[in-house]
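Asks: Here is what each chain is made of, one letter per residue.
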Amino acid sequence: MLIESDPDIDFRGVSKSFHIHEGNTLREFIPALLGGRGWDVFQALHDVSFSIYPGESVGVIGRNGSGKSTALKLMAGVTAPSEGKVLVRGRVSPLIELGAGFHPDLTGKENIFLNASILGMSDKQTRAVYSDIVAFAELWDFMDTPVKRYSSGMYMRLGFAVAIFSDPDILLVDEVLSVGDEVFQEKCMAKMREFQERGVTIVLVSHSLDLVKSFCHRALLLHAGGLVADGDPAEVADRYHDLMWATQTG
Amino acid sequence: MDQGLSVTKRPRARTAAFRASDFAHSLVEVARRYQLLWHMTVRHLRGQYKQSILGYAWAFLNPLSLLLTLSFVFSVLLRFDSGDVPFPLFVFVGLLPWIFFSTALASATDSVVGAASLVTKVRFPREILPMAAVLTKVVDLGFGLMILVALMVYFGETPTWTALWVPLLFLIHLLFVTGLALPLAALNLFFHDVRYLVGVALTLWFYMTPIIYPVDAVPSKYNVLFDINPNALLINAYRRVLLEDIGPGLDRLLIGLVVALVTFAIGYYLFKRMEPNFADRI
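Taken in sequence, the protein lines are chains A and B. Each residue of the first sequence is one higher than the one before, starting from 343 at the first, in the working numbering. Each residue of the second sequence is one higher than the one before, starting from 56 at the first, in the working numbering.
Calculated directly from the structure, the hints in this document are not laboratory data. C-beta atoms are modelled at their ideal positions from N, C-alpha and C, and glycine is treated no differently. Fair warning: there could be bad hints in the mix.
Stated by the list, open to error - Below 30 Å or equal to it, Euclidean Cα-Cα: the simulated DSBU-like pairs (lysine-lysine) are:
1. B/K276 with A/K451
2. A/K451 with A/K466
3. A/K555 with A/K427
4. A/K490 with B/K105
5. A/K466 with B/K105
6. A/K533 with A/K490
7. A/K533 with A/K555
8. A/K451 with A/K490
9. A/K490 with A/K466
To be verified - What follows is a set of in silico ranges between Cβ atoms, one per label pair, in the way DEER data are often shown:
10. A/E536 with B/S120: 33 to 43 Å
11. B/Y209 with A/T487: 34 to 44 Å
12. A/S473 with B/D282: 51 to 61 Å
13. B/V194 with A/Q385: 27 to 37 Å
14. B/L123 with A/Q385: 23 to 33 Å
15. A/H361 with B/I283: 35 to 45 Å
16. A/E536 with B/F261: 55 to 65 Å
17. B/D282 with A/H361: 38 to 48 Å
18. B/D282 with A/S391: 54 to 64 Å
19. B/A79 with A/S493: 39 to 49 Å
20. A/R354 with B/V279: 49 to 59 Å
21. A/K490 with B/G254: 22 to 32 Å
To be verified - Partner residues aside, some chain B positions facing chain A, computed with beta carbon under 7 Å:
22. A86
23. Q90
24. Q103
25. K105
26. S172
27. T175
28. K176
29. V177
30. R178
31. F179
32. L252
33. V255
34. A334
35. D335
Please construct the entire structure, taking both the sequences and the accompanying hints into account.
Replies: Next comes the structure, spelled out in structure tokens:
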């Protein structure tokens, strides 16, 4: 049975351009303003439209600079499109550079509460999943240690654990599965599959075509800021191969 | 679009620019995220005196050293007359709110730039950042208040019921400094000159505010400068209610309140207008 539902993520004719500028001082700004020597504009996305429906797992692939990160930032709501519309429904948990909100001088425990509150959780909700977070990150003995004493692996584990227990409706994943050792990676994958089965919408940005093919229902291929393919992951991955080959020889 | 099937999942357009009608909605959102505001404040506090041997003693030592310097220069060397009130007490009642104002403004101006890694990754109401920076300085002010109490005991100055005005005066001050800090924090992302401009402006403002001198010492033709300067109005009012045991002067207080409210409304509006571009400019 097909259920009509509204998309969780909806890009409608989205373009995003950036001003390329040297620095952020008035000395650079005023000549540009007065002299009419405008800024150079870099078009990161050009007229991109797609809809991602509840429960879908969608892989986003493309070469470096193809606009993947920009698309992810637009989904996370940290930046606005220059043209078009981006609609996102529900709580988004970005697994983008884990632990971005960690403060080195706060303890593991304090950072859990801080980061969870940044992701929109109340302290009460965090307390309810606190022991799950600690258990998942396997950091029982380090909760009262300032995170500046953590190894980078411990740091990432804690970041992943907080994000994953923040009860997201939409999970945005950016190449983070390369964190930690293989055992932890397995654990992360298992958790993501559990989310998938529970109907959480997942957007996965990855260079690993195998991962996209095995995990996602659908893939989007971005190239030079445009959406060039949208569909079955295996077919889109083939297109990606062709593109890579074409740009390398051409 | 949404036919009420799911209550928690409302579509949010991320393109709409902030309009005046969004004020209430977005302030309610900030209030709803009070725990985030608190965690951010703790984060600031922890970072503030980290790796210093004296740690929080600096929250006492900073205002105290300034007080001693100013008292020595202006009372002993230049023999300023502060009337019936001992000069150190006179200065400190003005100095303490000034320290709050200036450190809060400077720290809030840097707050969004300082949280770059967060701003480019996660969506949350960005005004929480300058607000937390200001709140951090409220905690510092608490430490300074202990010095004030000690000074008042030492000089045998007992506050009367007029001291009850202080919380209201402080709320106006808080509103004013937050209103100024919001657009400065946003502009500082676009032009890093702003932080230096704030430093220069604060130095000038310090002398334009009756902190080391009483407002009566000002020639009357310059009065207008003090009538529109909320810091002057408020510091004068703090002195009246704490040291002179009279009311804050309601007409002046009203001006201060209006200026603070207008500053906050404009500042918040400007901040929210610039907010969608933050992540692109860091």
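Asks: Does each hint fit the structure? Answer for all of them.
Replies: Hints, verified against the model:
1. Using a Cα cut-off of 30 Å, the hinted pair B/K276 and A/K451 is violated, with the two alpha carbons roughly 58 Å apart.
2. Proposed proximity of A/K451 and A/K466 is supported: the alpha carbons are some 14 Å apart, at most 30 Å.
3. Restraint check: the Cα-Cα separation between A/K555 and A/K427 comes to about 29 Å, which is no more than 30 Å; the hinted pair holds.
4. Taking the CA atoms of A/K490 and B/K105, the gap is near 12 Å; set against the 30 Å cutoff, the hint holds.
5. Under the criterion of a C-alpha separation no larger than 30 Å, the hint pairing A/K466 with B/K105 is consistent with the structure, at around 29 Å.
6. Annotation: proposed proximity of A/K533 to A/K490 holds, straight-line Cα distance about 27 Å (limit 30 Å).
7. Proposed proximity of A/K533 and A/K555 is supported: the alpha carbons are some 18 Å apart, at most 30 Å.
8. Between the alpha carbons of A/K451 and A/K490 the distance comes to roughly 13 Å, so the proposed pair stays at or under 30 Å and holds.
9. Between the alpha carbons of A/K490 and A/K466 the distance comes to roughly 26 Å, so the proposed pair stays at or under 30 Å and holds.
10. Against the hinted window of 33 to 43 Å, the Cβ-Cβ separation of A/E536 and B/S120 comes to about 58 Å, which falls outside the hint.
11. Between B/Y209 and A/T487 the CB atoms are about 43 Å apart, so this pair conforms to the stated range of 34 to 44 Å.
12. Remark: the range hint 51 to 61 Å for A/S473 to B/D282 is upheld by a beta-carbon distance near 59 Å.
13. Taking 27 to 37 Å as the suggested C-beta distance range, the pair B/V194 and A/Q385 does not conform, at roughly 46 Å.
14. Take B/L123 and A/Q385: their Cβ atoms lie about 59 Å apart, and the range 23 to 33 Å is violated.
15. With their beta carbons about 37 Å apart, A/H361 and B/I283 fall inside the hinted range of 35 to 45 Å.
16. Here the CB-CB span from A/E536 to B/F261 is close to 59 Å, well matched to the stated 55 to 65 Å.
17. At about 42 Å, the beta-carbon gap between B/D282 and A/H361 stays in the expected band of 38 to 48 Å.
18. The given range of 54 to 64 Å is respected by B/D282 and A/S391, whose C-beta atoms sit roughly 57 Å from each other.
19. Restraint check, B/A79 to A/S493: a C-beta distance of roughly 46 Å satisfies the suggested window 39 to 49 Å.
20. Separated by about 54 Å at the C-beta atoms, A/R354 and B/V279 satisfy the suggested range of 49 to 59 Å.
21. Checking the proposed 22 to 32 Å range against A/K490 and B/G254 shows it holds: the Cβ atoms sit about 29 Å from each other.
22. Because the beta carbon of B/A86 sits about 13 Å from the nearest beta carbon in chain A, more than 7 Å, this interface hint is broken.
23. Evaluation of the B/Q90 hint against chain A yields a held restraint, the C-beta minimum of about 5 Å falling below 7 Å.
24. For B/Q103, the suggested interface contact is broken, since its CB lies about 10 Å from the closest CB of chain A, more than 7 Å.
25. At its closest, the beta carbon of B/K105 sits 5 Å from a beta carbon of chain A; the interface hint therefore holds under the 7 Å criterion.
26. Against a cut-off of 7 Å between C-beta atoms, the interface hint on B/S172 holds, since the closest Cβ of chain A lies about 5 Å away.
27. Proximity of B/T175 to chain A holds as hinted, the smallest CB-CB distance being about 6 Å (cut-off 7 Å).
28. With a cut of 7 Å, the hint placing B/K176 at the interface with chain A holds, because the nearest CB-to-CB distance is about 5 Å.
29. At a threshold of 7 Å, the smallest CB-CB gap from B/V177 to chain A is about 6 Å, leaving the interface hint in force.
30. Restraint check, B/R178 versus chain A: the minimum CB separation of about 4 Å is within 7 Å; hint holds.
31. The criterion of a C-beta within 7 Å of any C-beta in chain A is met by B/F179, whose closest approach is roughly 5 Å, and the hint holds.
32. The interface hint given for B/L252 is violated, since its Cβ lies 9 Å from the closest Cβ of chain A, which is over the 7 Å cut-off.
33. Evaluation of the B/V255 hint against chain A yields a violated restraint, the C-beta minimum of about 13 Å exceeding 7 Å.
34. Hint on B/A334 holds. Least Cβ distance to chain A is approximately 4 Å, under the 7 Å limit.
35. The closest approach between the C-beta of B/D335 and any C-beta of chain A is roughly 6 Å, which is under the 7 Å cut-off, so the hint is satisfied.
When the structure is compared with the earlier hints, violations turn up for hints 1, 10, 13, 14, 22, 24, 32 and 33 and for no others.
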